[in-house]
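*Asks:* Sequence:
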Amino acid sequence: MASYQVNCIDKPKASSTHEQITHIGYYESLDRPRVVISVAEAIARIEANSQAFYVSTERGKTYLTVVKPENGGKKHLQSLIDRAGIDNLLTLEEV
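For the sequence shown, the working numbering begins at 17 and goes up steadily by one.
What the hints contain is simulated information worked out from the structure, not anything from laboratory work. As the structure is a computational prediction, the values presented were derived from the model and not from experiment. Heads up, some of the hints might be wrong.
30 Å max Cα-Cα, derived DSSO-like pairs, lysine-lysine [what the hints assert, rightly or not]:
1) Lys91 / Lys77
2) Lys29 / Lys77
3) Lys77 / Lys90
4) Lys29 / Lys90
5) Lys27 / Lys84
6) Lys27 / Lys91
7) Lys90 / Lys27
8) Lys77 / Lys27
9) Lys84 / Lys29
10) Lys29 / Lys91
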């Protein structure tokens, strides 16, 4: 399974602290431009075990997981929360 380092995100409003991420960006290789895919596509790839995505942290690679809300809400991506109490995915630059 291929794994890719996520290096950017996109949300409807960049300054929003409660809106979910809609897209993630990564490089497939050093000589290719950045690839941006929807969160729905990333979730499908993770659930199919065809690709994995991670965020680089001071502890190393923190892989993204699919969160399935109990209340029937939309699935979304999350990385492990660091010592500062922040999801590392949310610290990335905007697309």
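*Asks:* Checked against the structure, which of the hints given earlier come out wrong?
*Replies:* Failing hints: none at all.
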